[in-house]
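Let the hints inform the model, and build the full structure from the sequences given.
Protein chains in written order, with this note's numbering: chain A, 252 to 418; chain B, 163 to 986; chain C, 14 to 295.
No lab work stands behind these hints: they were computed from the structure. Watch out, some of these pointers could steer you wrong.
One side only, chain C facing chain B, incomplete, derived with CB under 10 Å [said to hold, decoys possible]:
| hint | residue |
| --- | --- |
| 1 | Asp116 |
| 2 | Tyr276 |
| 3 | Leu280 |
Within a straight-line C-alpha distance of at most 25 Å, the following computed SDA-like cross-link-like pairs (lysine to any residue) qualify [to be verified]:
| hint | chain 1 | residue 1 | chain 2 | residue 2 |
| --- | --- | --- | --- | --- |
| 4 | B | Lys181 | A | Val331 |
| 5 | A | Lys395 | B | Met824 |
| 6 | B | Lys181 | A | Asp332 |
| 7 | B | Lys181 | A | Gly333 |
| 8 | B | Lys176 | A | Glu344 |
| 9 | A | Lys395 | B | Arg190 |
| 10 | C | Lys42 | B | Glu292 |
| 11 | A | Lys395 | B | Glu679 |
| 12 | A | Lys395 | B | Trp859 |
| 13 | C | Lys42 | B | Ala284 |
| 14 | B | Lys826 | A | Glu373 |
| 15 | A | Lys395 | B | Arg185 |
| 16 | B | Lys826 | A | Glu375 |
| 17 | C | Lys42 | A | Asp267 |
| 18 | B | Lys514 | B | Glu567 |
| 19 | B | Lys728 | B | Ala171 |
| 20 | A | Lys395 | C | Glu112 |
| 21 | B | Lys181 | A | Glu344 |
| 22 | B | Lys728 | B | Asp167 |
| 23 | B | Lys826 | C | Val201 |
| 24 | C | Lys42 | A | Glu269 |
| 25 | B | Lys181 | A | Ala330 |
| 26 | A | Lys395 | B | Glu600 |
| 27 | B | Lys181 | A | Glu327 |
| 28 | A | Lys395 | B | Pro839 |
| 29 | A | Lys395 | B | Lys176 |
| 30 | B | Lys181 | A | His343 |
| 31 | B | Lys176 | A | His343 |
| 32 | C | Lys42 | A | His256 |
| 33 | A | Lys395 | B | Arg179 |
| 34 | B | Lys826 | A | Pro371 |
| 35 | C | Lys42 | A | Arg254 |
| 36 | A | Lys395 | B | Asp892 |
| 37 | A | Lys395 | B | Arg825 |
| 38 | A | Lys395 | C | Val201 |
Glycine residues also receive a C-beta, built at the ideal position from the N, C-alpha and C atoms.
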Amino acid sequence: MTRVHVTVDGVQYSDDIEPRMLLVHYLREVVGKVGTVIGCDTSNCGACTVHLDGASVKSCNVLAVQADGHEVTTIEGIAVDGELHPMQQAFHEHHALQCGYCTPGMIMQALDLVRENPTPSEEEIRLGLEGNLCRCTGYQNIVKAVAACASTMETSTTARPERSAAR
Amino acid sequence: MTAVDDHPALEIGKARRRKEDQRLLTGRTRWTDNIQLPGMLHLAMVRSPFAHARITSVDTSVATQAPGVIGVFTGSDLDGQGLIANAWPLNEEQKTPDHLPVAVDHVACAGEIVAVVAARSAAAARDAAELVDVDYEELPAVLDAREALTDAVLVHPELGTNRSAFWQLDSAEAGTGGDVEAAITTARAEGILIEREYRQQRLVPAFMEPRSTVVDPTGEQIVMWTATQIPHILRFLIAATTGISEAKVRVIAPDVGGGFGGKLQTTPEEFATLAVARRTGRPCKYTETRSETMVSCHHGRDQWQTLTLAATKDGTVTGLKVDLLADLGAYVAILGGGVPVLGAWMFNAIYKFPAYQFNCQTVLTNKTWVDAYRGAGRPEATYAIERLMDELAAEVGVDPLVIREKNWITHEEFPFTSVAGMTYDSGNYEAATARARELFGYDELRAEQRRRREGGDTVQLGIGVSTFTEMCGLAPSRILGALNYGAGGWEHASIRMLATGKVEVLSGATPHGQGHETAWSQIVADRLGVAFEDIEVLQGDTQIVSRGLDTYGSRSLVIGGEALVKAADRVIEKARHVAAHLLEASADDLRFSAGQFTVAGTDKGISIGDVANAAWRGHNLFDGAEPSLDSDATFDADTFSFPHGTHLCAMEVDTETGATRMRKYVAVDDIGTIINPLIVEGQEHGGILQGVAQALWEEAEFDDSGTLVTGSFVDYTLPTAADTINFVTDNTVTPATTNTLGTKGVGEAGCIASTPAVVNAVVDALRHLGINDIQMPLTPQRVWKAVQSAGTDPGGPSQEAQPHFAEGALNQDPSAGATDGAAQ
Amino acid sequence: MIPAAFDYLAPTSVEEALAALAEGGEDTKVLGGGQSLLPILRMRLNAPERVVDLRRIDELRGIREEGDHLVIGAMTRYSDIVTSPVVRLHAALLAQAVEEVADPQIRHRGTIGGALVHADPAGDVGAPVLALEADLVIRGPGGEHTVPSNEFFVDLFETAVGEGELLTAVRIPKHTGWVSHYEKFVRVKHQWSIVAVAVALQVEAGTIAAARVGLTNMGSTPLRARAVETALQGRPASDVGDACERAAEGTNPPSDLNGDADYRRHLARVLTRRAVTTALGD
Ligand SMILES: Cc1cc2nc3c(=O)[nH]c(=O)nc-3n(C[C@H](O)[C@H](O)[C@H](O)COP(=O)(O)OP(=O)(O)OC[C@H]3O[C@@H](n4cnc5c(N)ncnc54)[C@H](O)[C@@H]3O)c2cc1C
Ligand code: FES
Ligand code: FES
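Written out as structure tokens, the structure is:
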């Protein structure tokens, strides 16, 4: 057992865990952040995407001990006071989800994408999501939602920056 | 009744944003794997690495002693583990091997479960699973369906053969058309005969949520949460095969992350979890890894299609003969041979063929079992006929759209009884095609194609056409009975009018991404005249929705939606009498519209919510009145519904590398009345890409020893956002005449039409090189090899480029006419 | 999906790390970014008893200029390489190739050192490192030594980094002003290279003064296409002739689901021509 201190969605947690525990299992089983899900065992699907110190990672491909002393943001940490984040709102508005299983990872990656490139072209959006698989939507409405959100976040001064980035 | 009710369409047709989104967007979804119960054990499966073996011994002693382990169970430890059933034996003679959830002495495919470890953590269970020592005596395996027909190696020695069942539909015999052999003889002598063999490769459904099951055996009812499309059918089959009383089993499908037919199954994993939970008396959870999904969840497609299309010289089709060899894998799954047989009514598609014969032989092999995958039987049929129609067009020398127009049913001809005996109620193929052509810019793209061809461009352009119809709304119970299916095809709904004016809608259809909560709310809102927001849809729990036949085969809306309408109408009828009493009027004088009962000729009225509240209080009802408006309805259809559409696809083919790139895709579907255009569009996008993926990227491949080599997302190449483009979708609407709402179903349309559209486009791009087929998926290497062989061999593409074209097989006759595949 | 249990150490200096490796012996694994090691551990294809994580060793991270060399610490992440202006300026080929690795999430974690030591022949980092004639700095119990890239890749998943040693840095001679391109061929975007070609060219007065060509997945290690380099050298940039036809010479590509050896040889020729043409700005 190793002791880790990890900040998840703004709350600090200290836990004794086995070093072999994956970050995604830590989030789901120890912290209870079941919004982050697992879709594969080869790190191809992106369903488990979270932000580690503000950058997107596949939490199935990070050990929880590697997050010791760091800050994690999950899909459960981006809506503030029950109000959807603009990216969540855009996914809703543009019907960018069906079964919703890929959605948490898709949104977290989409946020990373617009953080790195606030005015992405359609092609840049598609490339930026290359690590996230969706079997339901054909991606079309996802791409549309990300583009719409990027343009509103660009023009809107009130758009809330993501929590971890805000600190 | 003198007053006439009406139900203004305030919600139906509106692009409502989905009710289910909030929880999915914020990560507050209830996936099965999220469920944790006190004292819950975690299971890990020990699976066979061999495609075919006898289990000589299983030593669990070391694993049992491992830290955290509560028990290790083999098949023989689990008495009463139940059976994995086939619900659709094609006929009495069908050979159906017993399928035990946990194998006892014989495994017939890699990935079969041979032991189950139950431990206090998932990690401990996995650790101990590595310690279970299984001795196998490896047996020869048969992996190729055609080789399996020889019975040289038997998948299940006790059956004595690998042939499971043979099923035929013959139009002459059924009296729905002429004699196909006569049509073929005539065409051979004086017309055109197109003979082809097409391969429908094996696919993995690849829903995104891996399957998971939690069983709680404490309490009076055993509760199973599971990632399934079919909780009601599962409950029935648990009871039927384990001897547990149906009333003691509650199955809950919480939020389910996609299915596409892949979760239309009762699985060994579900039964094993149930057995171990009962055995240990503790809640148990099993969640598979993706690698386990790939090998153990049933696969789809896997057919060899041998086809003969007879036509006159001007391209009028005179007959179609289909011989299918359908690979079932190691077991006959829940639908099993029923999946290819569903195609029987679809090969003739939108056309007026005078003679037709469909033959299907199902065969067992030592591979993962095969069952429904999005479209189930219909994409395979549509692929075959739409490829053939393009071949016919090439043979006649006309545009592929012209050949279709020559043969399709015109809109004046509905209702039309097809050569397969199905009556199509409505449709307008001309309208959908005209719209698709316009959106596509057909003529400009044809002009560009010509330019590139004439200029000898490295990148060639091809245009693929796919016109299709499908049968949706599975299925009228009487027809299912005639086909020997084990259950009915009705659907159930209940409406509960709550005292507060809210409405609970219970539906036996069980969604996994389709947006039922939203669509059902729209339907009921209009029917009852209550607010969309006031409706709560409850589903997926056999204890809440006692009756249901679940979600598959584009049936939810067509069958389940109609049940909702019927239940709502019963609520209104009950309410009418209560309202009449309250308004001191005659029930006959009440008119119901937009949620209000009004008395004709007066300004007196009452809302249905107030009637519900009055009924709940029960203080002031007429004598003998029942203090409830709640109503149930079970709907069984008389016939299917027949959505149709025209899809056009332009593909660029890099002749240097064999790489293909989609340029444009237009889909115009007629799915009848549209409840929610947003949801419809989403279904179309997703369906189209799944079909494109079959054409270009996906195949489940096994090596010579029967190991799945595309066993993870590294090798099973699903497309990403960066591999696809925006599709142009539109709809034409001819309402179905067979249900109140006029809906036809949309869940599978995209995926049925897009596969042949893409392949037709790629073949069209290369046809001038003498290429008339490339096997799916159209990998760059396959395309490149086709181009290579076309370039070097004036006789046409080589056998290597088209390895599925087996000369002399079944109805292939190399001496027949100019259209012999290899010699064109 | 769950690795076998192991002990975990996260030393803060190379010295400590080397000591931990020496003490742990052969059942010890070094953890860089984890993007190749963790999948292996999750699938239980390997089950080390001890994992030594390099994440706390600051000296292994970062990109700096040292005279006419760029020095990239082994633990420098892909994403830092892609966004580095000095890499763009002096070793653009590396940035172009790294941009093609996997996906953004993996690039946020994966390191250049991990990629090189993992030495997957389909990996995208080997070919540009070969083409840029980099030197690899290795430290072990016996001290530090430098291996030229053409001696670094030994065989499938095998490099000059021995047991108990660490790759600490990649030293790349500055290729300022060279034109370059990395051409990767895949069926779907998230795939490893079926074949890829890394090309760097020095053009002087319209003539190709120097040419470097690296090949990905054309053998058990990344390779240099020396025949092409020789054929290109001295040719006018406006007409490279059939120099690229020699791209598959001396290669021994694998055959798998994505293509057989013949097809890969063909791809190597076509992709080399395309990479050269793109690099030359056509
Ligand atoms: C889904 C997916 C897709 C991918 N696609 C691609 C792709 O398209 N192209 C591509 O090139 N790669 C791809 N990769 C692999 C990726 O590039 C890896 O990040 C890289 O190969 C390893 O780098 P790492 O830092 O993560 O190393 P690790 O995984 O930590 O280590 C890899 C190996 O190197 C050893 N090691 C690490 N650092 C050192 C060191 N400093 N000294 C000595 N030994 C060390 C480890 O012990 C281990 O054996 C993909 C990976 C995934 C999961
Ligand atoms: S679960 Fe992490 S990428 Fe699939
Ligand atoms: S919405 Fe179902 S996988 Fe993306």
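Hint check results:
Using the Cβ-Cβ criterion of 10 Å, the hint placing aspartate 116 of chain C at the interface with chain B is satisfied: the shortest such distance is roughly 8 Å. Look at tyrosine 276 of chain C: its Cβ gets to within about 5 Å of chain B, closer than 10 Å, so that hint holds up. The beta carbon of leucine 280 of chain C comes within 6 Å of a beta carbon in chain B, closer than 10 Å, and the hint placing it at the interface holds. Of the supplied pair hints, the one linking lysine 181 of chain B and valine 331 of chain A holds, its CA atoms being roughly 20 Å apart against a limit of 25 Å.
Restraint check: the Cα-Cα separation between lysine 395 of chain A and methionine 824 of chain B comes to about 19 Å, which is no more than 25 Å; the hinted pair holds. Pair hint lysine 181 of chain B plus aspartate 332 of chain A holds up; C-alpha atoms about 20 Å apart against a cutoff of 25 Å. For the proposed pair lysine 181 of chain B and glycine 333 of chain A, the alpha carbon gap of about 16 Å is at most 25 Å, so the pair holds. The straight-line distance between the Cα atoms of lysine 176 of chain B and glutamate 344 of chain A is roughly 13 Å, inside the 25 Å bound, and the hint therefore holds.
For the hint linking lysine 395 of chain A to arginine 190 of chain B, the alpha-carbon distance of about 24 Å falls within 25 Å, and the restraint holds. For a cut-off of 25 Å, the pair hint linking lysine 42 of chain C to glutamate 292 of chain B stands: about 21 Å separates their Cα positions. With a C-alpha separation of about 23 Å, the suggested pair lysine 395 of chain A and glutamate 679 of chain B falls inside the 25 Å cut-off, and the hint holds. Distance check on the hinted pair: lysine 395 of chain A and tryptophan 859 of chain B sit about 24 Å apart at the alpha-carbon level, within 25 Å; holds.
Between lysine 42 of chain C and alanine 284 of chain B, the direct Cα distance comes to roughly 24 Å. Compliance with the 25 Å bound is thereby established for this hinted pair. Distance restraint check for lysine 826 of chain B and glutamate 373 of chain A: the Cα-Cα separation of roughly 15 Å lies within the 25 Å cut-off, and the hinted pair is therefore satisfied. Using a Cα cut-off of 25 Å, the hinted pair lysine 395 of chain A and arginine 185 of chain B holds, with the two alpha carbons roughly 21 Å apart. Proposed proximity of lysine 826 of chain B and glutamate 375 of chain A is supported: the alpha carbons are some 19 Å apart, at most 25 Å.
This hinted pair checks out: lysine 42 of chain C and aspartate 267 of chain A have alpha carbons roughly 22 Å apart, not beyond 25 Å. With a CA separation close to 11 Å, the supplied pair lysine 514 of chain B and glutamate 567 of chain B stays within the 25 Å bound. A distance of roughly 17 Å separates the Cα atoms of lysine 728 of chain B and alanine 171 of chain B; the hinted pair therefore holds under the 25 Å criterion. Distance restraint check for lysine 395 of chain A and glutamate 112 of chain C: the Cα-Cα separation of roughly 24 Å lies within the 25 Å cut-off, and the hinted pair is therefore satisfied.
Only pairs whose Cα atoms come within 25 Å are accepted, and lysine 181 of chain B paired with glutamate 344 of chain A is accepted, the gap being roughly 11 Å. At roughly 14 Å between alpha-carbon atoms, lysine 728 of chain B and aspartate 167 of chain B fall within 25 Å of each other, so this suggested pair holds. At most 25 Å may separate the alpha-carbon atoms for a hinted pair to count; lysine 826 of chain B and valine 201 of chain C meet this at roughly 18 Å. The hinted pair formed by lysine 42 of chain C and glutamate 269 of chain A meets the criterion: a straight-line CA distance of about 17 Å does not exceed 25 Å.
The straight-line distance between the Cα atoms of lysine 181 of chain B and alanine 330 of chain A is roughly 17 Å, inside the 25 Å bound, and the hint therefore holds. For the hint pairing lysine 395 of chain A with glutamate 600 of chain B, the CA-to-CA distance comes to about 24 Å; that is within 25 Å, so the pair holds. Proximity of lysine 181 of chain B to glutamate 327 of chain A is assessed by CA-CA distance (about 18 Å); at most 25 Å being required, the pair is judged to hold. Proposed proximity of lysine 395 of chain A and proline 839 of chain B is supported: the alpha carbons are some 16 Å apart, at most 25 Å.
For the hint pairing lysine 395 of chain A with lysine 176 of chain B, the CA-to-CA distance comes to about 20 Å; that is within 25 Å, so the pair holds. Note on lysine 181 of chain B and histidine 343 of chain A: the hinted pairing holds, with a Cα-Cα distance of about 9 Å set against a maximum of 25 Å. The suggested pairing of lysine 176 of chain B with histidine 343 of chain A holds, with an alpha-carbon distance near 15 Å, which does not exceed 25 Å. The suggested pairing of lysine 42 of chain C with histidine 256 of chain A holds, with an alpha-carbon distance near 24 Å, which does not exceed 25 Å.
With a CA separation close to 15 Å, the supplied pair lysine 395 of chain A and arginine 179 of chain B stays within the 25 Å bound. In summary, the hint linking lysine 826 of chain B to proline 371 of chain A is supported, as the alpha carbons are separated by about 22 Å, within the 25 Å threshold. For the hint linking lysine 42 of chain C to arginine 254 of chain A, the alpha-carbon distance of about 21 Å falls within 25 Å, and the restraint holds. With a C-alpha separation of about 17 Å, the suggested pair lysine 395 of chain A and aspartate 892 of chain B falls inside the 25 Å cut-off, and the hint holds.
Restraint check for lysine 395 of chain A and arginine 825 of chain B: the C-alpha separation of about 18 Å stays at or below 25 Å, so the hint holds. For a cut-off of 25 Å, the pair hint linking lysine 395 of chain A to valine 201 of chain C stands: about 21 Å separates their Cα positions.
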